[in-house]
Amino acid sequence: MTFKPSRRQILRTMGTGFGMAGLAGILSASKTAGSMTPSGASAPMAPKAPHFAASAKHVIFLFLNGGPSQVDTFDPKPMLQKYSGQPIPSGNLQSERKTGNLLGSPFAFRRCGQSGIEISEIFPKLGDAIDDVCVIRSMYTEIPNHEPSLFLMNCGHRVPGRPSMGSWLTYGLGSENQNLPGFVVLCPGYPVVGAQLWSSTFLPAIYQGTYIPNSEKTPDKLINYIRNPSTPLPEQRRALDLLRQLNLIEEKRTGEDSQLESSIQAAEIAYRMQSEAPEVFDIAKEPEAIRARYGDHDFGRGCLMARRLVERGVRMVQVYYGNGQPWDNHDDILIHRKLAQDADGPIAALLADLKASGLLKETLVIIGGEFGRTPVMEVSGLVKVQNGRDHNSHGFSTLLAGGGVKGGTTYGNTDEFGFKAVENPVHIHDLHATVLHALGMDHTRLTYRYSGRDFRLTDVAGNVVHDILA
Amino acid sequence: MSGSAAIRTTRVKRLPRTFWQSCLRRNRKPFARGKERLALAEAIASPVNPLTARVMVNRVWQQHFGYGLVRTPSNFGAQGDRPSHPELLDYLAGRFVREGWSLKKLHREMMLTAAYGLSDAPSPRNYAEDPDNRLLWRYNRRRLDAESLRDSILYVSGKLDLQAGGPAVRLDKENNRRTVYAYISRRQLDPMLALFDFPNPNNTSEQRLQTTVPLQKLFFMNSPFAIDQSTALAARVAASASSDDQRITATYHFVLQRDPTAEERRLAHEFISRNAGAWPAYTQVLLSSNEFTYLN
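Chains as they are written, first to last, in the numbering used here: chain A, 31 to 500; chain B, 13 to 308.
The following block holds chain B by itself, in its conformation from the complex (with noise of 0.2 Å):
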């Protein structure tokens, strides 16, 4: 600021310190002198500030449902978005801070509704009146993140460690541990990760992204990482089952949790049939479907 008006002095009456009108109306009281950062901590978390529990409400809501209620998490002002639900949503800040600020109560409350049950099932009557499901007609599809991703992979083909705790890892090849303990570079984020939009660990980050680039599908195709868990599953499914349908059933068992379609289980045999080290092939497309990829 080098205008003339910021260099000018005027005489103005020097206020005391205290919280913004907006988030607290009543009660507001002058921030004590020498104390005014433990005031501003405790003006931030004050049961009466109805901002923060909405804010902490919709970053809740948000990793539930794919979006927040307000979809500016980290702007509640006159810029950001308005919500689509405000009674809802606070209902929830004010139960959440009625039951001690619980996280644990707030997941459950959220996970028990209906919308969170509903299926990402396809209504075109809905979709005409709102194509952004602002309305929570149905369920928003989304990408696994990267370690989600990564440990689902790992848990299909039987190879997560699920040890807890302990220091952080590079994800080499011999770590088939959660993603969790990933050991997180600042300066060179793991390949993989970095492909799968995990946020640059040296900004904030409101809400991860969801690209979908082809350099994904190359690690998809070609990466040692998705052909040594295909292999892994391939000697699972036949582990597991005899005949070529049976396997087939299993596959879709371990990635998918349901039975193959009868459509499904053709073009699968028909892919199996063409070669005899088509297995691994076939459990890294299901690997890499859209089904598998995407939560719904």
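Okay, chain A solo, but in the shape it has when bound (with noise of 0.2 Å):
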């Protein structure tokens, strides 16, 4: 049977007004991933069922922004260090800058795990927790730059304007925790393009992530309003009392209204997260050892309230690096063992925590950049030290962990100097339909129309790679 909710409750389902009429879809809609029903009315973040059985439920997204090395990192290249200082027989391929001969790694590879993957020393824990997690090899990108490559890999367009991964997530599954937001973004200060990277665009604006700037230490410099300067909860209560009596009163008067009933619903919520919010960021709360196992800096605290975040409920997490973009190294390559330090750390840490409380299972873990670098020499008389890479979008690497990925493994391979994905290689929109997947969610028919047509995360592309899910 064939629901037909009227428009009026549609558009209140999503609680935005009317931004999504005369969608050709919607008077069919059932109640599975981002359908609009009446029984998300007043609640778009209420959860709702996937189109078919999920192998994951939640998102971490660990962006390592400014483009990581694959071959200093997780793509061993022999050849590379046998050549080195030599030119690359098949030619440079196209980068952003002026390109020269091959550079080794500075960094020796080691067999990693019962699997005997081999991980980049820089990487001595994610090493370790290597079983856990699938390597793919062979990524590739569109554009070796950043802002199209962040905006690709976030919102699956080059260009500004479509909305981000967890914008969609959220859209097509609501969250879990109606006293959290669905999607949390945490970077000390911004990453290069800054808020478009999770901006909802023309979904809904509830689905935007929540942006929280995790240089900050305090719940209170964390979230903006959660706390009262000078009215104590007990006060707080009486006034939010007051309001309700007044708010019903009018709806008394008025007639029953569910955008009313809504607002009513979003006071005492917002009452809650006072609770509940702060407590969630406040990290000093855990325990000094699982403290010191994530770092005192400010990716190690990201990671570690992405933790805490998932475990409250919370749909979709990422954590950027840094302010700007740190695994930018033209210069020199050297730096990614110093970047490596604060992130291997907290990496190994959060998969340990979410596999000690099976949370593993239902969790993906997303951990890479936007691009990758060159095998060659950057020659480009911009830097100062001859020893860095350019970005590369011919390949890369991008690893995945828990959420029905198969571990101890590694998926697609670069030609043999890791220039380029030569064997299955992955485009960011195959990224995404996997991920959508692995969410139960299949990415063809998680659709919004917006001016004229339907959109989705994978625009008119993506491929699930089927072969990394277990």
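These aren't lab readings, by the way, just hints derived from the structure by calculation.
Just so you know, not all the hints are guaranteed correct.
[Said to hold, decoys possible] Straight line, CA to CA, 25 Å or less: simulated SDA-like cross-link-like pairs of lysine to any residue: (1) A:K251 x B:I239; (2) A:K247 x B:D184; (3) B:K171 x A:S260; (4) A:K282 x B:G129; (5) A:K282 x B:L130; (6) A:K251 x B:A238; (7) B:K185 x A:T261; (8) A:K282 x B:R277; (9) A:K251 x B:D240; (10) A:K251 x B:A206; (11) A:K282 x B:E303; (12) A:K282 x B:L156; (13) B:K171 x B:R190; (14) A:K368 x A:S114; (15) A:K251 x B:P236; (16) A:K251 x B:S197; (17) B:K47 x B:Q33; (18) B:K185 x A:R257; (19) A:K391 x A:A500; (20) A:K251 x B:L183; (21) A:K251 x B:E186; (22) A:K282 x B:Y139; (23) A:K282 x B:A127; (24) A:K282 x B:N152; (25) A:K315 x A:P259; (26) A:K282 x B:G78; (27) A:K251 x B:R182; (28) A:K414 x A:R367; (29) A:K282 x B:D142.
Hints in hand, dock the two standalone chains.
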């Protein structure tokens, strides 16, 4: 039977007035991902059933922004070492700036875990956890520039204007904790491009990422207006009770209205958030030994907050490694060692904690940046030291763990020097399709009508990489 | 497009550039070579092209009534919504063109209608027949948009700076000017504007969204702006009358332009009597109330 909600119900359901009316498909919507039904009336973040059985319920995206070099981290290339200093026989591929001869990695690789996957020495703890990780070595993107690649990786399109992955996920699935935002973004400062990377653009505004500057250490500074500077909670409760009574009187006078009803509920949630949100962001509550494993730096604290948020049912948390683009080592690839030092411990600690609590089974952890780096040295004249690598859109590595992903495996390969994905190449659209699939959604069915057509996270492309899913 | 059909070149007759047949059935002539852009603009704004006037009229209507006669303001095509009152839409569009595309006259015409003067009073019988209110049996209740909300709070607190014109100013603590003069950063939208559904300045926006989310309530409960304006309103109320009873009446007059009911008055007394510093908390509640924050 086709359920036919009234237009008013549809609009109310989204709590957004009417940005979406006129959808051709909406009148036959069912209570599944991305649909708008009265079940979600006044609670657009209420959990919704996926299209099919999901292997993951949450996503944590650890974004190593700036473009980590695959040949120095997760993609060992003996030929690169052997021919270091010589020209690449097949010629250099297009990158952003001028590049020269092959540059061998200064870091040694070692076989890790039962699976024996080779990981760079700069990620020793992540190496020990590799049996829970799938290393995709054949990622590729479209343009060797940060902005378009950041947009593509986060929003599925090279230019601004499309909703971010977290917005699509919360639009599709809602969230499991109504006292916290469903999509949280942690970054000390801002990555390049900034807030557009977690914007909901044409999706209803409630699905935008809630940005928390995790360089701040106290919950009050982390969330806007989370605490009242002067009024204690019992007094605020009394004020809220009065507000509720006045609102109910008004509703009696003007007639029942789900919009007014949701406004009353939102105030109650806000009140509860004041208790729950400061607690979840207060990582000082974690035992000293736990905090030490994550490290007392931005990324470590971000990973710990991500764990605490997912434990409380938040759908997606994205943790940016740092302000700007720290992994953009044009000059000196040795800086990667220092960057990895702050990434290695927290990533391993997060995976271990999620595994110990059983949450890793239902949490898909994505680790990577917007593109890779060239196996050849940058010689652009813009660099002070000639020991670094340029942007590389042709090939790079992304790591997936948990959430139904086959751990201790690798997928795809770059060429013998690590420049270009040649075996089982995985486009960003394919990655997005795979992430949505793990969360139980068909990427071709999670659509939103805007400006006269149905939009998807994967636009008109994307193939699910079934081989990496258990 | 990589399909072979797109690559294969078959000899087709080159058609002269002209305007859509669906918009311009009569007097449809090819655009003059070298003047296509001008011709296109003229065709769009032509009095014999009904679409432009219909779209414009519908947009103005949606501003006044909450929803357009066509509820897909950017899509009047086959996939879009059918107009609820096609004759009315065409009447207004025709009149709009005849009146020299005067928006002022259009606004006046709409705002003088009986439909615009309706209250949002409920009617179970009408609701049963037309829950969407497509036939305009009552006013559509709407949350105030970000600008109206900020301006209204400042107006009620007595702090609104009505100075007109000048360069845009950031919405900081000292800025009490109308929100229309707010500095809009495309990179980092002001958090209050963003919270209350100000459109993304990088996208086109056919209509404002109206979300109702908890973070908005945190703003009413805890933001320095809400607290400052509640305090200012409490001071304004205190200066206007001396007894609690008169002050409660004054608060309702300032915020809601009506007298409180006996029940509302009783609740107010009960709340205020609990402690001496309750007035700013009380005015803050009224500024957060649905009656104030929704247009009805």
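Hints versus structure:
1. A:K251 x B:I239: holds (18 Å)
2. A:K247 x B:D184: holds (24 Å)
3. B:K171 x A:S260: The hint holds at about 22 Å.
4. A:K282 x B:G129: holds (22 Å)
5. A:K282 x B:L130: holds (18 Å)
6. A:K251 x B:A238: holds (18 Å)
7. B:K185 x A:T261: holds (20 Å)
8. A:K282 x B:R277: Holds, at about 17 Å.
9. A:K251 x B:D240: holds (19 Å)
10. A:K251 x B:A206: holds (18 Å)
11. A:K282 x B:E303: At roughly 12 Å apart (the allowed maximum being 25 Å), E303 (chain B) and K282 (chain A) satisfy the hint.
12. A:K282 x B:L156: Holds: K282 (chain A) and L156 (chain B) sit about 21 Å apart, inside 25 Å.
13. B:K171 x B:R190: Measuring from Cα to Cα gives roughly 10 Å; hence the hint holds.
14. A:K368 x A:S114: holds (23 Å)
15. A:K251 x B:P236: holds (14 Å)
16. A:K251 x B:S197: Cα-Cα ~22 Å, so holds.
17. B:K47 x B:Q33: holds (19 Å)
18. B:K185 x A:R257: Status holds; Cα separation ~18 Å.
19. A:K391 x A:A500: holds (11 Å)
20. A:K251 x B:L183: holds (19 Å)
21. A:K251 x B:E186: Holds, at roughly 21 Å.
22. A:K282 x B:Y139: holds (15 Å)
23. A:K282 x B:A127: Holds, at about 23 Å.
24. A:K282 x B:N152: OK: K282 (chain A) and N152 (chain B) at ~17 Å, within 25 Å.
25. A:K315 x A:P259: OK: K315 (chain A) and P259 (chain A) at ~22 Å, within 25 Å.
26. A:K282 x B:G78: holds (22 Å)
27. A:K251 x B:R182: With a Cα-Cα distance of about 21 Å, the restraint between K251 (chain A) and R182 (chain B) holds, given a limit of 25 Å.
28. A:K414 x A:R367: Distance of about 19 Å is within 25 Å: holds.
29. A:K282 x B:D142: holds (20 Å)
The structure fails none of the hints (numbered hints given earlier).
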